[in-house]
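*Asks:* Here is what each chain is made of, one letter per residue.
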Amino acid sequence: MDLNQPNVKRKLDEELSGLRFGDRQKVLGRTHPKTRRDRLRALWNKELELPVVPIGAALLLFFTAAFLYRAVLQPKASLPHGGTAFKREMIEEGGSVYWKDVLERRLALDENPDQN
Amino acid sequence: MKIRIKIKHLAYGSGLLLAFVLAVCFMARPVQYMAGADQAGTETKEQVLREIEAAGAQEKLRLIAEYMLKDDSVDLSRAFDMYIESNGMMYGGGVVDVARKPVFSLGEKVPYLERYLKEGGSDPDIVSAAKLLAYYYQGTGEPEKAAAVLADARERLNSSPAAYVSDELLLMQAKIAAGQKQYDTLLKLCEDLMDGTAVNEDILASISDLLAQYTIDKGAVPHALEQLQSALEQKISRIQSGQAVQIQKEKLVEITDRLKKIVSSRTTGLTDVSGTIMKAGGEPFAYTGVFLRREDDLNHSMAGFEPYQALTNGKGEYAFKGVVPGRYKLFIGVNASEVNGWTWPEQRDGGWIDLNGQGAAKENVTFQRLLELKTPVNNAVLKDQTITFAWKPVQGAAYYDLSLGLKLRSGSSGNIIRQGISSPQVQIKADDLYYMYTGISASSEGSGQPALDPLSLLGYADTENRMSWSVAAYDAEGRMLTRSGGYRLDENLTGNLPFFYLKERKMTEADRTLLKGEIEKAEAMYRADYRRNPDDEYSLHMIIKLLEGKRMLLGAGAKESEDELKAEQAALLRQMADLRPTAWFYDLLAQYSFEQAKWDEYLRYDELAAALDTSRDTSYRDGTRAIALMRQGKWEAAAASFQKSVENDPSHRFIGAYIALSIAGSGTLEKAMALAEKFPDRMMYNTPIHWDELLQDMKRESSGDKGYFQTLRNRAHSYVQGKEKDWKHSSSYFPAMDRFFKLLEQVG
Numbered sequence: 001m002d003l004n005q006p007n008v009k010r011k012l013d014e015e016l017s018g019l020r021f022g023d024r025q026k027v028l029g030r031t032h033p034k035t036r037r038d039r040l041r042a043l044w045n046k047e048l049e050l051p052v053v054p055i056g057a058a059l060l061l062f063f064t065a066a067f068l069y070r071a072v073l074q075p076k077a078s079l080p081h082g083g084t085a086f087k088r089e090m091i092e093e094g095g096s097v098y099w100k101d102v103l104e105r106r107l108a109l110d111e112n113p114d115q116n
Numbered sequence: 117m118k119i120r121i122k123i124k125h126l127a128y129g130s131g132l133l134l135a136f137v138l139a140v141c142f143m144a145r146p147v148q149y150m151a152g153a154d155q156a157g158t159e160t161k162e163q164v165l166r167e168i169e170a171a172g173a174q175e176k177l178r179l180i181a182e183y184m185l186k187d188d189s190v191d192l193s194r195a196f197d198m199y200i201e202s203n204g205m206m207y208g209g210g211v212v213d214v215a216r217k218p219v220f221s222l223g224e225k226v227p228y229l230e231r232y233l234k235e236g237g238s239d240p241d242i243v244s245a246a247k248l249l250a251y252y253y254q255g256t257g258e259p260e261k262a263a264a265v266l267a268d269a270r271e272r273l274n275s276s277p278a279a280y281v282s283d284e285l286l287l288m289q290a291k292i293a294a295g296q297k298q299y300d301t302l303l304k305l306c307e308d309l310m311d312g313t314a315v316n317e318d319i320l321a322s323i324s325d326l327l328a329q330y331t332i333d334k335g336a337v338p339h340a341l342e343q344l345q346s347a348l349e350q351k352i353s354r355i356q357s358g359q360a361v362q363i364q365k366e367k368l369v370e371i372t373d374r375l376k377k378i379v380s381s382r383t384t385g386l387t388d389v390s391g392t393i394m395k396a397g398g399e400p401f402a403y404t405g406v407f408l409r410r411e412d413d414l415n416h417s418m419a420g421f422e423p424y425q426a427l428t429n430g431k432g433e434y435a436f437k438g439v440v441p442g443r444y445k446l447f448i449g450v451n452a453s454e455v456n457g458w459t460w461p462e463q464r465d466g467g468w469i470d471l472n473g474q475g476a477a478k479e480n481v482t483f484q485r486l487l488e489l490k491t492p493v494n495n496a497v498l499k500d501q502t503i504t505f506a507w508k509p510v511q512g513a514a515y516y517d518l519s520l521g522l523k524l525r526s527g528s529s530g531n532i533i534r535q536g537i538s539s540p541q542v543q544i545k546a547d548d549l550y551y552m553y554t555g556i557s558a559s560s561e562g563s564g565q566p567a568l569d570p571l572s573l574l575g576y577a578d579t580e581n582r583m584s585w586s587v588a589a590y591d592a593e594g595r596m597l598t599r600s601g602g603y604r605l606d607e608n609l610t611g612n613l614p615f616f617y618l619k620e621r622k623m624t625e626a627d628r629t630l631l632k633g634e635i636e637k638a639e640a641m642y643r644a645d646y647r648r649n650p651d652d653e654y655s656l657h658m659i660i661k662l663l664e665g666k667r668m669l670l671g672a673g674a675k676e677s678e679d680e681l682k683a684e685q686a687a688l689l690r691q692m693a694d695l696r697p698t699a700w701f702y703d704l705l706a707q708y709s710f711e712q713a714k715w716d717e718y719l720r721y722d723e724l725a726a727a728l729d730t731s732r733d734t735s736y737r738d739g740t741r742a743i744a745l746m747r748q749g750k751w752e753a754a755a756a757s758f759q760k761s762v763e764n765d766p767s768h769r770f771i772g773a774y775i776a777l778s779i780a781g782s783g784t785l786e787k788a789m790a791l792a793e794k795f796p797d798r799m800m801y802n803t804p805i806h807w808d809e810l811l812q813d814m815k816r817e818s819s820g821d822k823g824y825f826q827t828l829r830n831r832a833h834s835y836v837q838g839k840e841k842d843w844k845h846s847s848s849y850f851p852a853m854d855r856f857f858k859l860l861e862q863v864g
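Sequences listed follow chains W and X, in order.
First residue of the first sequence? That's 1 in my numbering, and the numbers climb one at a time after it.
First residue of the second sequence? That's 117 in my numbering, and the numbers climb one at a time after it.
Take the hints with a grain of salt, since some may be wrong.
What the hints assert, rightly or not - Cut-off 27 Å, straight-line C-alpha distance, at most; resulting in silico cross-link-like pairs (DSSO-like, lysine-lysine):
(1) X/K523 to W/K87
(2) X/K841 to X/K675
(3) X/K622 to X/K632
(4) W/K34 to X/K395
(5) W/K100 to X/K122
Claimed, not checked - So these bits of chain X aren't anywhere near chain W, every CB distance computed over 10 Å:
(6) S202
(7) A452
(8) A476
(9) N495
(10) D606
(11) F615
(12) M800
FYI, nobody ran anything at the bench for these hints, they're computed from the structure.
Backbone N, C-alpha and C define an ideal beta-carbon position, used for all residues, glycine too.
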């Protein structure tokens, strides 16, 4: 369709004669933001072009790591919370009875007092 | 490939993801929290009790079962962390199940158990509730109430599929009836028990114990016992072969043997054993397990079928009614936290309780606070020639004994270093420790040949081995007041740790080679060192120790090599005694002369050893000297020395030889029997020799045989004179006499 043809131009002017463009300021605000609000809005609607492969890989890595942390580390940390009882070993040394874990910890500390 | 995205959409997406992650975390958290709450001690007793109070009827019962019944607490032989006695066993096992749920004492449980029994259904937990209540009422002196509780629970169970567990209730009722001497009830209950379809060995053992009590008290064998005996015989004969059932069979045979012995011995008189278990200062061991264990049961861990098991009441009191004659030891069952910082002082008589039908026996136990050690402690490194051991004085102590300990490759070894110390500190020369005999041990790793443990050979001369020490305080009568060894079962380990390193000397090349386990090479090096320097007493003493170790590994059947080793050792010992006279070296020389029957030489070395020996206890020396005197025909002096030995030695290890001497002298059994009864042999912990019973058997065996005493006297003479072939020669006519002389080989 050729808008320069007199018939078409006339018909379009006729049909659009009732319409008035009143948001000139808004459009200018968006295209040439001057106020802080306009700048913020521009930033909010800014389009980014992101490379899919590196970001996808990073996300995959993150979720795998998070899953592994939960699956491997967390259950270990919460192991002593499981069950109604836990096993603890007693030993007799130098004529007394001790919890093995406590004695070993303390003796290691006595031998290397710097390691606190 | 790229995507285009607005920042706001990225922000919305991230927010959504964050919300999701947080939601997951918070959803999971409550689960974890609940798990932690009920197990990691975050939930207190008060919280549990409040929870129970607030719950609805059904939930209430579930919570009571959950917190107060669903554990081992009903089976006293498994309910506690440790089963301990004053001498020997300080703890049972090693690995302990530490409860995470709040632990309620029996006293605290009682109102809830009563409610459970009243309102609960007919599940097996009702048995647990009833048994615990029965223990409680026995402790409070209300056996009727205990019996009623059990009967009530049993009635409830009768109409339920869990009826099979009611045997336990029946058995406990029977035990209460026996304690009350309500024998009609006892017989009725035993018959009910025997009628049960699946009576296991443990129940049979328990019934036989109860009926044995009846037999002894009444002096008559009840019909039920005869029935039981024939049932047992049948059961034994039905068991064919196979290892699994062999154990079962042995157990049944043990029961019948014990019964036969009781029925045939016609002993009478039961004893009520009672007492209190306390801590010094008056705090009772409330609701603690008390076990009067038979001598026969000491060689296995605590078992449910052992007849005398009870709980103390809130005041720490316990009682066993109608205990049959025999030898017993008292054990208690406790949880780790109850004994932390305390010790149960050793008893002079080894803690044996002999019951011979006396009406009552009192056995009180008082735990004492641990003796506090001052120096050297906490892995201190000692480099001075003199070591000062110091500890906090104990009120009322007349003297102290100091012991040292060593870690070995497998296990540990210990020595009493100094006895009768009158002040709370003592100085020991490091040098003296190096020449101390620490016992030589050997171990075989895997299936290999046993090899000497270098740590045991080096003893206190090892500058890299951690040593420990302990002190015990005694009153003027020789009763132990307290000691440093005991229970240190919390995070701060209750004070100073009794460990130190002795680094006064420098280890030689030979020492280092020995530590590497190259025993032969090390021996060659010690020998080379000694050859280079004939004053090198250290190397000389290591050669003597290595020869001692070699002799130990030889075993039986290598007499020639043993004689060679001994001769070399004796020659070296004489040189050693010149360089550094110690009691141990003279003792070894005395032993060598003893074996050669060179009595004058023996006596000289023995006297030299005695002069250097700092130990208070001379019972072993007196005993061996008595045997030497006996061999020389000096019977009177021998008897006096034996007497001195057995009077000072709680284990009466030489009593067998003393009895033989008495038989050789008198030709009769009367005096020997009196000795056997007065000084029971407690040398072997698990399997002591019962000389008194053996002499009784011999007396029975002798009746009607005129030649018996002549044979006996002749053999006793041969024993006294050391004519091995003659006294070991068995007659086969007199099995009890043969057994007597066979067991004499173990004396000494």
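*Asks:* Next, verify each hint and record whether it holds.
*Replies:* Outcome of the hint check:
no. : hint             : in the structure
1   : X/K523 to W/K87  : holds (25 Å)
2   : X/K841 to X/K675 : holds (17 Å)
3   : X/K622 to X/K632 : holds (16 Å)
4   : W/K34 to X/K395  : violated (87 Å)
5   : W/K100 to X/K122 : violated (61 Å)
6   : S202             : holds (14 Å)
7   : A452             : violated (8 Å)
8   : A476             : holds (33 Å)
9   : N495             : violated (4 Å)
10  : D606             : violated (8 Å)
11  : F615             : violated (6 Å)
12  : M800             : holds (22 Å)
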